[in-house]
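In case you want the letters, here they are:
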Amino acid sequence: MASDGDSDQDFVTFGTPLEPLEEDEPLRKPIPVHEQTVKDEKGRYQRFHGAFTGGFSAGYFNTVGTKEGWTPSTFVSSRQQKAGRQNARPEDFMDEEDLGEHGIAPRQIITTADFASGRKDLIGDKARAITSLSAPIPGDTVLEDLVAPARSSMGVELLRRMGWKDGQGVGPRVKRRLCKQEADPATRVLALPCLPTVHQNHGTRRMMMDLHGLGYRGLNPLAALRGGPGAGNINLFTMDSDRTTNLFGEDKKGQRRRGGVAGQGFGVGAMEDDDEDIYHRDTMSNYDAVLGGEEPGDGLYGWTAPQQYNRKKKVHSKDAAYLGKILEGFTLGSDKMETKTIFPPPDLPRDFRPVHYFRPVVDMSSVSPMVAQALLTSRGHMAQEEPSKGGRHQLDSAQRRELLGETALQGPSSVFDLLKVEDRERLSSLRRPSSETTSGPRPPTELPPRQPIPGEGRAAVVAAGVAAAAAKASAQKALSSRFAPPAEQQQEALSVWSGPAAQAQAGQTFKPFERTAHKQARYDLYIDKLKQGDRDALELSLDPSMTEWERGRERDEFVRAALLYKPSSSSLSCRFTRGKHDDAVEADTVEVTRDQENDVDDKQAAVKMKMFGKLTRDSFEWHPDKLLCKRFNVPDPYPGSGFVGMPKVKRDKFSVFNFLTVSESATASASPAPQAVKPSEPGKRSRWDVSGQAGALEKERKEKDPLSEFLSVARIEASGSGPDTSTTDGPTTDPTVEPDTEKEEEEEESRPPMDLFKAIFASSSDEKSSSSSEGESEEEEEEGVRSKAGTGPQISNQFNVNTSPPAPPVSVSATPSQHTDVMFKMPSGPAAAPPPQDQEMEEEEFGPRLPPPSSTLTAESRPAPTPSAKNDKHKKKCKEKYKAKKHGKHKKDKKQKKKHKRHKHKGKQKKSGRKEESSDSSSEGSDGNSQEEGGGVSTEELLRRLKSIRGKNLQ
Amino acid sequence: MFFTQNATRITDRNEEARRFRKKCEMSFPQPKPEVPQLPQHLLRTIDCQQGAVRAVRFNADGNYLLSCGSDKSLKLWSVSRGTLLKTYSGHGYEVLDADGSYDNSQLCSCSSDKTVILWDVATGQVTRKLRGHAGKVNCVQFNEEATVILSGSIDGTVRCWDTRSRKFDPIQILDEAQDGVSSLKVSEHELLTGSVDGRVRRYDLRMGQLHVDFINSPITCVCFSADAQCTLTSSLDSTVRLLDKSTGEMLGEYTGHKMKGYKLDCCLSSKDTHVLSCSEDGHVYCWDLVEGSLTLKLPVGKAVVQSLSFHPSETRLLTAMEGRVQVWGAEPEEAEEDEDVVVVKQEKV
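Same order as they appear, the protein sequences are chains A and C. Just so you know, the first sequence maps onto residues 60 to 1014 in the working numbering. Just so you know, the second sequence maps onto residues 72 to 420 in the working numbering.
Wrong hints could be hidden among the right ones.
As the list claims (entries may be wrong) - If you only want the chain A side, here are some residues facing chain C, beta carbon under 10 Å, derived:
| hint | residue |
| --- | --- |
| 1 | Arg-412 |
| 2 | Gly-672 |
| 3 | Phe-679 |
| 4 | Pro-683 |
| 5 | Leu-686 |
| 6 | Arg-690 |
| 7 | Ser-700 |
Don't read these hints as lab results, they were simulated from the structure. By construction, the Cβ of each residue, glycine as well, lies at the ideal position given by its N, Cα and C atoms.
Let's have the full structure, built from the sequences with the hints guiding it.
Encoded structure:
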């Protein structure tokens, strides 16, 4: 052991040595599994997690996570990267330990497959497959892997590509027989003696090919194992790998007979006695010291010799043919270079100036002959000297036909020929005035075309630009003719619009005159006619009642618009969204804002009149946030909506007048609109009934009266323009209001006076054509209220002053008889006879117009002697007075008031009470009730009075 | 039959009752309707010691009250004993409104310092301080489940703050108002806001609609009725209006009080029988809801009645004037007839 001690130092120890066994030591307990610790390279303990759950290297601090925590891999759609997707390699799942020296897939530098011999690998693979199957332990190729096959070098590969085969020699061929004769006896016994001779013969030197030591020579398979036919040539390139495969015996070579084992690897055989040559000595002279080296030039190369040796002669002969001196390292090119042909520039004339003038296009017809002459002489020729010179594209079919010498087609040459004579004449007569208005371009005496109105001229130029090039000349005419667009343009518009493209996109036409509806309508008509192919679409679609000047203007505009917004361009434009500041859209937005303002005014008026409800309410679409809905436990009302809050919608106009028209139409057909207003009332009224119905009635009146008053006011004001229609609508609104209330009270309370029904129903039957008059009345309402809202009061007052006197007689003559008629017609009317005082009532009421004194609006718009400002003041005063009055009453006696209220509405008591009140109110009111004594009053007037009185009571 | 009756709306029931009563009228004299009790007796006065009390609010069950002081503090009191339970301080300026969550676990308050604070009731700590309003925040409300805080500000926006997530940004900003939002109330799925631009806006989350009612006078306070059929709005034209929620029609108008410049509260009694409103003349006005007549004019003091709050179930009223909060109740020992007399008397006064 001591002698071994110093030799121990020379050994490299690897791993931890086992502790020396001591025999007398008691048997140690085996270390339990949990105490068997493993440390990594940094000395940290590692826990074993199980062979299949990570081994020693599971996760971060023995978890599956990382420092950042465990995140499941997110799904990434590979739909887009299908092509680029790679299958995961095993290495992707390995960590550095696995790739380390002792891992399952150690990384080391190996020759890549490109440089390995493919053929050998195939064989090797096959061999591996077979052995793995046939081996006692399946998959037992480990041993083979341990004996790693070396790959053949690049040179071998090259040689193989060139046709060289394994086992073949390199160099000139040697006759087999000769070789045999020479080498046979030696190789039989020992291969070695043969080798040096071969070397020397061929003069080749070995290159350092392997990782063996210098001069090492392994077993020589040819010499040692084969000893056969190939023994004469040295197989330089047969490597260890071959030998190993041979050893495993699957190769073809393995099937060959084996000679005696001999060679350096195996040392000296027991039979051999000379051992001086066991270790082959090699000299440096056997190796190339210089890359490339000197060329042997001894003609000993075989067919695999470098080409330069084979071709040298040929090249030289070619070079020799060249007479000049060839530079060192250069040879003559094999193929000729292409020479570029260069054309010389043309010879410029002596007086050429490199300046180009664009000649103005001058229409021969519009230019005086003198000027034309001058132009001709100056320029040599005129642009439009001859229209046919414009090019063949500007020829029409007839001209082409002439040029070609063809005969004319049979049949009518023009659409005009198809027309009747009268039509033609009419057309020509139609055309004449337009041509007359256009100061004819015929007389060629005046030099320039008349100064065009700047804007128009430009517009015409624009139109011409839009039109095709063919219309250029005609655009000139358009310039000269102020209003009427030339026939060419019309023609073009016709051809454009009657085409299939225009037909296809019906209804998508751009509306250039949207702001003026009439004009747009006319334009639409024009376009429609164009689409139908009507030739004189333009003339027919114009308004004959307009002046010639206006018509001419419009004609021009229409044609231009038709050309500008021709269907092709509109089809193009439908691909684009319209700009925010498009003129039409801009107009819309303006409208919207104006609407809002109007709305506020209306609402304020409504609030003043305490007409809450439809008038003061706006409902919008509103999109709550998704999360907000979730938090409120409410399903999202607009699940698909991409935005939150209020959409930018164009608010439709919702003014008092809309509402009024709705109610008007509803009265005729008992449409649901007024009912929609109602439904809350019955329930609410029930509440009122708990305390007494007076309150309910009062409340009701509060709601109802202002509306009717408002209406009546509007009527009165409108009556200035149309006294007939003024009687139609006013009362009709009331049935919506009153029958309901009446019906409800019917059971308990006495019938309302007859005149009320008369007033209601007579008037509604009065309107002979309610539907037609409604439209007018709408407008009138608007007028009326506009005048009220704006500079109204004075004007309206004037109106009333002027128009009211004639009104009563008319209505008086009409109404009474109708009243009686209607009384019987009434469907829900009272079966009982009307109370006796109806007649008097009628007489009383049908006096001249009685101004309702109290209500705010009526006071405002009533014919008042005071100016408007005063009027307002007065109104307020009145209001206050009544309020005070009301309050006083209120305090005085509640019960009495209730009673009063209950019966006030419909009963006689109410009537009489009203009478009194009306009288005193009118005395308080703005104007004298001198009119009251008049003979007859229109139904509308009556109603208004009724309402005003009620309103007053209310307040 | 019973179930269907239950299912019908209050108004329908009233309708039925009316019909029944009418039938009875034929044979019997009309029974005297039960006069609802009114909180006309001063039970307690609490001196809050926190400057002027800007708002006073009952909690969800009415056992506690919150007083918002101008000294930046929010205080929680017991109504029955009048004792201070907790002071919540954290606002940077006077507290303008407060609300308690349904489970009494959280409070929210808003302040002139442009913030909304979510408080933990028990610890008194600020759970969350929500910034985002551009001006002082006038009103604040929890939604039904206290998952959202809604706050209306002088900047014209209502912001919906999420109390569940960690986000400090509002879920949604309702900026439809053209002027400051003075009052807001939340029902199950609706949000009622009153704005100084004179409009009452009702956001219906279920329908996804916004209904705007024009009042034409700056709104000071809005309320839902208990049956959720009506809305009550008080405006600076010294009028309280009862509007039908669905159509916007006016069902009642209550006047007589003075509300010209202050943002004062109005409310409905717990049974929806009366309408109450603060007044600048130092009274609380109480009208009969249906009749519209003034039934009670409660003298609170000389100054402006700043705020009031009606008990969610009982006849109990809180009023705030200057630095004091007063608790009013109906005295149970008094007979109905007597009350009626008293009412008449007071009306005459």
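Against the structure, the hints come out as follows:
no.	hint	in the structure
1	Arg-412	violated (71 Å)
2	Gly-672	holds (4 Å)
3	Phe-679	holds (4 Å)
4	Pro-683	holds (5 Å)
5	Leu-686	holds (5 Å)
6	Arg-690	holds (4 Å)
7	Ser-700	holds (8 Å)
In this structure, only the earlier hint numbered 1 is contradicted, and the remaining ones agree with it.
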